[in-house]
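**Student:** The primary structure of each chain is shown beneath.
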Amino acid sequence: MILIQNSLGKIGASVLGLLASIGRVTLFTLAALSHVLRAPFYIREFWTALIRIGWLSLPVVGLTALFTGGALALQIYAGGGRFNAEALMPQIVAVGMVRELGPVLVGLMIAARVTSSIAAEIATMKVTEQIDALVTLSTDPMKYLVVPRVLAALLVVPCLVGVGDLIGIAGGWSVATGSLDFNSATYLRNTVTFLEPLDIVSSLVKGCAFGGIAALMGCYFGMNSGRGAQGVGKATETSVVAASVLILAANFVLTGVFFSL
Amino acid sequence: MISLHGVAKSFGHNDVLRGVDLEIPKGSSMVIIGGSGTGKSVTLKCVLGLVQPDAGRILVDGQDVTQVKRDAFLARFGMLFQGAALFDSLSVWQNVAFRLLQRSNKLSKTDAKEIAVEKLRRVGLKPDVADRFPAELSGGMQKRVGLARAIAADPEIIFFDEPTTGLDPIMAGVINDLIREIVVELGVTAMTITHDMSSVRAIADHVAMLHHGRIQWTGPISELDHCGDAHVTQFITGSAEGPIEAVR
Numbered sequence: 001m002i003l004i005q006n007s008l009g010k011i012g013a014s015v016l017g018l019l020a021s022i023g024r025v026t027l028f029t030l031a032a033l034s035h036v037l038r039a040p041f042y043i044r045e046f047w048t049a050l051i052r053i054g055w056l057s058l059p060v061v062g063l064t065a066l067f068t069g070g071a072l073a074l075q076i077y078a079g080g081g082r083f084n085a086e087a088l089m090p091q092i093v094a095v096g097m098v099r100e101l102g103p104v105l106v107g108l109m110i111a112a113r114v115t116s117s118i119a120a121e122i123a124t125m126k127v128t129e130q131i132d133a134l135v136t137l138s139t140d141p142m143k144y145l146v147v148p149r150v151l152a153a154l155l156v157v158p159c160l161v162g163v164g165d166l167i168g169i170a171g172g173w174s175v176a177t178g179s180l181d182f183n184s185a186t187y188l189r190n191t192v193t194f195l196e197p198l199d200i201v202s203s204l205v206k207g208c209a210f211g212g213i214a215a216l217m218g219c220y221f222g223m224n225s226g227r228g229a230q231g232v233g234k235a236t237e238t239s240v241v242a243a244s245v246l247i248l249a250a251n252f253v254l255t256g257v258f259f260s261l
Numbered sequence: 001m002i003s004l005h006g007v008a009k010s011f012g013h014n015d016v017l018r019g020v021d022l023e024i025p026k027g028s029s030m031v032i033i034g035g036s037g038t039g040k041s042v043t044l045k046c047v048l049g050l051v052q053p054d055a056g057r058i059l060v061d062g063q064d065v066t067q068v069k070r071d072a073f074l075a076r077f078g079m080l081f082q083g084a085a086l087f088d089s090l091s092v093w094q095n096v097a098f099r100l101l102q103r104s105n106k107l108s109k110t111d112a113k114e115i116a117v118e119k120l121r122r123v124g125l126k127p128d129v130a131d132r133f134p135a136e137l138s139g140g141m142q143k144r145v146g147l148a149r150a151i152a153a154d155p156e157i158i159f160f161d162e163p164t165t166g167l168d169p170i171m172a173g174v175i176n177d178l179i180r181e182i183v184v185e186l187g188v189t190a191m192t193i194t195h196d197m198s199s200v201r202a203i204a205d206h207v208a209m210l211h212h213g214r215i216q217w218t219g220p221i222s223e224l225d226h227c228g229d230a231h232v233t234q235f236i237t238g239s240a241e242g243p244i245e246a247v248r
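So the protein sequences, as listed, match chains A and B. Throughout the first sequence, residue numbering follows this note's numbering, covering 1 to 261 in sequence. Throughout the second sequence, residue numbering follows this note's numbering, covering 1 to 248 in sequence.
What the hints contain is simulated information worked out from the structure, not anything from laboratory work. Glycine residues also receive a C-beta, built at the ideal position from the N, C-alpha and C atoms. One thing to keep in mind: the hints can contain errors.
Said to hold, decoys possible - Mimicking DSS-like on lysine-lysine, the simulated pairs with C-alpha atoms at most 27 angstroms apart in a straight line are:
hint: 1; chain 1: B; residue 1: Lys106; chain 2: A; residue 2: Lys143
hint: 2; chain 1: A; residue 1: Lys143; chain 2: B; residue 2: Lys26
hint: 3; chain 1: B; residue 1: Lys126; chain 2: B; residue 2: Lys69
hint: 4; chain 1: A; residue 1: Lys143; chain 2: B; residue 2: Lys126
Said to hold, decoys possible - Derived CB-CB ranges, DEER-like:
hint: 5; chain 1: B; residue 1: Asp61; chain 2: A; residue 2: Val205; range: 51 to 57 angstroms
hint: 6; chain 1: B; residue 1: Asp61; chain 2: A; residue 2: Trp55; range: 24 to 30 angstroms
hint: 7; chain 1: A; residue 1: Gln230; chain 2: B; residue 2: Gly124; range: 51 to 57 angstroms
hint: 8; chain 1: B; residue 1: Thr165; chain 2: A; residue 2: Met1; range: 52 to 58 angstroms
hint: 9; chain 1: B; residue 1: Gly173; chain 2: A; residue 2: Ile11; range: 46 to 52 angstroms
hint: 10; chain 1: A; residue 1: Val205; chain 2: B; residue 2: Asp88; range: 33 to 39 angstroms
hint: 11; chain 1: A; residue 1: Val36; chain 2: B; residue 2: Gly62; range: 35 to 41 angstroms
hint: 12; chain 1: A; residue 1: Gly233; chain 2: B; residue 2: Gly166; range: 21 to 27 angstroms
What the hints assert, rightly or not - Non-contacting residues of chain A with respect to chain B, defined by C-beta distances greater than 10 angstroms in every case (computed):
hint: 13; residue: Pro40
hint: 14; residue: Met125
hint: 15; residue: Leu134
hint: 16; residue: Val135
hint: 17; residue: Thr136
hint: 18; residue: Leu137
hint: 19; residue: Ala170
hint: 20; residue: Ser174
hint: 21; residue: Thr177
hint: 22; residue: Leu180
hint: 23; residue: Val201
hint: 24; residue: Val205
hint: 25; residue: Met223
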């Protein structure tokens, strides 16, 4: 009986802990968003974040999309061959990349590269009292550290997703025309005519949501980091895991919203 | 004047401050001594509002610190952090001039840099340091930059958190002398927390000893060596024998 009570107690404590964490993240998100429209604005911090999140992520996003597009083309060609549907490859690659793989893979790469970097940077600032120093210098850390990063991610990750979609399609095209004897013009025409505006809108909206999640998780876990190197490491690890899981969950919800209604 | 009345603060089950009562006269230099973990930094952070006390009142010039406008209140303070807490992504002069470039008293970059270079010179650093980054500086130079940042906006009150920790004795002496000079020259109210007795003797007008979350003894520096308090005597002589447990 005591064993059952202890087990139930632990489950209850975990559930309460989870709910408390969700509450804290929600309050943090609302606080961050409430600061977006209120002065002062740190333009320099915003531009720096824009470059670091957007421009410097291009290589990793491009390579990920290129290889995924190429692999997707090979898989569809091989799988489609079982029921003579190889010719549908351009359309499936386009839809697969734009609706699903482009945003999700870019989101996950951003979580790996940007969330970890934001969390580690802010956590280190906290551990070394730089955040306390900001406060004593009459500067709100939420405005100076969080808002520029979140705003930059909200704006630039959809662009990265757009670039990733294009490069992914180009990866499929290069495999199809280079080694599978597809006609280049036909491939591109099929791709363009098959895609609908909703596919592209959903891709960009997902990019916006995933960018926001990635930046917010980095900022939240960085600002709430524990002490010392272990605290920074834990904050970084937790932020990437939380961002990745939330991106996948948000992808499921957004896919449902866009394509199941 | 800074007054603390019954300030208490706990972190979980750890009662760090258990009712601190302390008065720091305007224009004087108060040094708070005490062992590690006795709540010296928490006391200082309570005054600045970085930590919210669970009980008690803190008054600065008669105004309750919880009732004041934060920006205007913090603009009166300068603070030197234990590890200097310089912003890694900014150059030395941008660190020093950080407050000067904020909205409330924003100066042009040229003017702000000019003041930053002047403050750097005041703490014994050459102008060529201004364009370097904190990571390129030694610990002693970082402390000086932190000191320059603390005095950049000509504050009325300056806090020094363990100003000589991590420095060699000579550099510690240099920093102590600089602090003393600046405090006298600017006529500011200073509050320093340290467990370095050489800092105490160089910086203090008044000393307070924090022990078990309360002020154990306070008085002028001239009375420190003959105060008759066993805790203070043990602390300043660095003895393992006495009322303060050596293992905490």
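**Student:** None of the hints should be skipped; say for each whether it holds.
**Tutor:** Results of checking the hints against the structure:
1. Among the hinted pairs, Lys106 (chain B) with Lys143 (chain A) is consistent with the structure: their alpha-carbon atoms are about 17 angstroms apart, no more than 27 angstroms.
2. Among the hinted pairs, Lys143 (chain A) with Lys26 (chain B) is inconsistent with the structure: their alpha-carbon atoms are about 33 angstroms apart, more than 27 angstroms.
3. Annotation: proposed proximity of Lys126 (chain B) to Lys69 (chain B) is violated, straight-line Cα distance about 37 angstroms (limit 27 angstroms).
4. A hinted pair counts as satisfied when its Cα atoms are at most 27 angstroms apart, and Lys143 (chain A) with Lys126 (chain B) does not qualify at roughly 33 angstroms.
5. For the pair Asp61 (chain B) and Val205 (chain A), the beta carbons lie near 53 angstroms from each other, so the given range of 51 to 57 angstroms is met.
6. The hinted window of 24 to 30 angstroms between Asp61 (chain B) and Trp55 (chain A) is violated, with their beta carbons roughly 49 angstroms apart.
7. Between Gln230 (chain A) and Gly124 (chain B) the CB atoms are about 37 angstroms apart, so this pair departs from the stated range of 51 to 57 angstroms.
8. Taking 52 to 58 angstroms as the suggested C-beta distance range, the pair Thr165 (chain B) and Met1 (chain A) conforms, at roughly 54 angstroms.
9. Between Gly173 (chain B) and Ile11 (chain A) the C-beta distance comes to about 59 angstroms, which lies outside the given range of 46 to 52 angstroms.
10. A beta carbon spacing of about 35 angstroms between Val205 (chain A) and Asp88 (chain B) agrees with the range 33 to 39 angstroms that was offered as a hint.
11. A beta carbon spacing of about 38 angstroms between Val36 (chain A) and Gly62 (chain B) agrees with the range 35 to 41 angstroms that was offered as a hint.
12. Take Gly233 (chain A) and Gly166 (chain B): their Cβ atoms lie about 23 angstroms apart, and the range 21 to 27 angstroms holds.
13. With 10 angstroms as the threshold on Cβ separation, the claim that Pro40 (chain A) sits away from chain B is violated: the shortest Cβ distance comes to roughly 5 angstroms.
14. Remark: the non-interface label on Met125 (chain A) conflicts with the geometry, its nearest Cβ contact in chain B lying 8 angstroms away (cut-off 10 angstroms).
15. Some Cβ of chain B comes within 10 angstroms of the Cβ of Leu134 (chain A); the nearest lies about 8 angstroms off, and the non-interface call is violated.
16. At roughly 6 angstroms from the closest C-beta of chain B, the C-beta of Val135 (chain A) falls inside 10 angstroms, breaking its exclusion from the interface.
17. For Thr136 (chain A), the shortest C-beta to C-beta distance to chain B comes to about 5 angstroms, within the 10 angstroms cut-off, and the non-interface label is violated.
18. With a least CB separation of 5 angstroms from chain B, Leu137 (chain A) falls inside the 10 angstroms interface cut-off, contrary to its annotation.
19. Residue placement check: Ala170 (chain A) keeps its beta carbon more than 10 angstroms from all beta carbons of chain B (closest about 36 angstroms).
20. Distance to chain B confirms Ser174 (chain A) as a non-interface residue, since its nearest Cβ pair spans about 39 angstroms, more than 10 angstroms.
21. Its beta-carbon lying about 45 angstroms from the closest one in chain B, Thr177 (chain A) satisfies the requirement of being farther than 10 angstroms from that chain.
22. Once the 10 angstroms rule is applied to beta carbons, Leu180 (chain A) is consistent with being away from chain B; the minimum gap is 48 angstroms.
23. Non-interface call for Val201 (chain A) relative to chain B: holds, since the shortest CB-CB distance, roughly 36 angstroms, exceeds 10 angstroms.
24. Against the 10 angstroms criterion, Val205 (chain A) stays outside the reach of chain B, whose nearest CB is about 32 angstroms from its own CB.
25. The Cβ of Met223 (chain A) sits about 14 angstroms from the closest Cβ of chain B, beyond the 10 angstroms cut-off, so the non-interface label holds.
Taken one by one, the earlier hints fail for this structure at numbers 2, 3, 4, 6, 7, 9, 13, 14, 15, 16, 17, 18, listed in ascending order.
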